[in-house]
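Peer 1: Sequence:
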Amino acid sequence: MIKIRKSVYFLIFLSVFFIEGILWRNVVDGLIPAFLSILVIYFLDSKGKIKRPLLRFKEPYIIGNSTEIEYLTSEELGRRLQNRKWNKNHKP
Numbered sequence: 300m301i302k303i304r305k306s307v308y309f310l311i312f313l314s315v316f317f318i319e320g321i322l323w324r325n326v327v328d329g330l331i332p333a334f335l336s337i338l339v340i341y342f343l344d345s346k347g348k349i350k351r352p353l354l355r356f357k358e359p360y361i362i363g364n365s366t367e368i369e370y371l372t373s374e375e376l377g378r379r380l381q382n383r384k385w386n387k388n389h390k391p
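Numbering-wise (my numbering), the sequence shown opens with residue 300 and increments by one.
Bear in mind the hints are in silico, worked out from the structure with no lab data behind them. Where is the CB? At the ideal position from N, CA and C, for every residue including glycine. Be aware that a few hints might be false.
What the hints assert, rightly or not - Just the calculated beta-carbon pair ranges, DEER-fashion: (1) G363 x I331: 53 to 61 Å; (2) R383 x P332: 52 to 60 Å; (3) S306 x L335: 15 to 23 Å; (4) G377 x V339: 32 to 40 Å.
Construct all of the structure, not just a fragment, from the sequences and the given hints.
Peer 2: Shown next, in the form of structure tokens:
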């Protein structure tokens with residue numbers, strides 16, 4: 300699971316706090332939605348709902364003799380392995 304840094308939580312808290320506090324002209328009314336937004340984001344992140352979309356369905360693989368890690372879906376891995384087998388069998 301990819302963790303969201305504490306600075307991101309703090310930034311979200313401050314932005315919601317200042318926007319709501321300035322609009323409503325009351326500090327307590329600004330604290331409630333800011334605190335609730337941080338709780339919602341924390342629980343979504345702890346359940347693994349907030350992730351980088353690029354890596355959501357991709358898994359890390361090391362292909363061949365490479366030391367490079369590639370992130371592929373299962374379909375991409377199947378195609379890559381099929382092409383590799385075909386190239387080995389049909390070399391001129």
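Peer 1: For each hint, tell me whether it holds in the structure or not.
Peer 2: Results for each hint:
no.	hint	verdict
1	G363 x I331: 53 to 61 Å	56 Å, holds
2	R383 x P332: 52 to 60 Å	54 Å, holds
3	S306 x L335: 15 to 23 Å	20 Å, holds
4	G377 x V339: 32 to 40 Å	38 Å, holds
In summary, the structure agrees with every hint in the numbered list given earlier.
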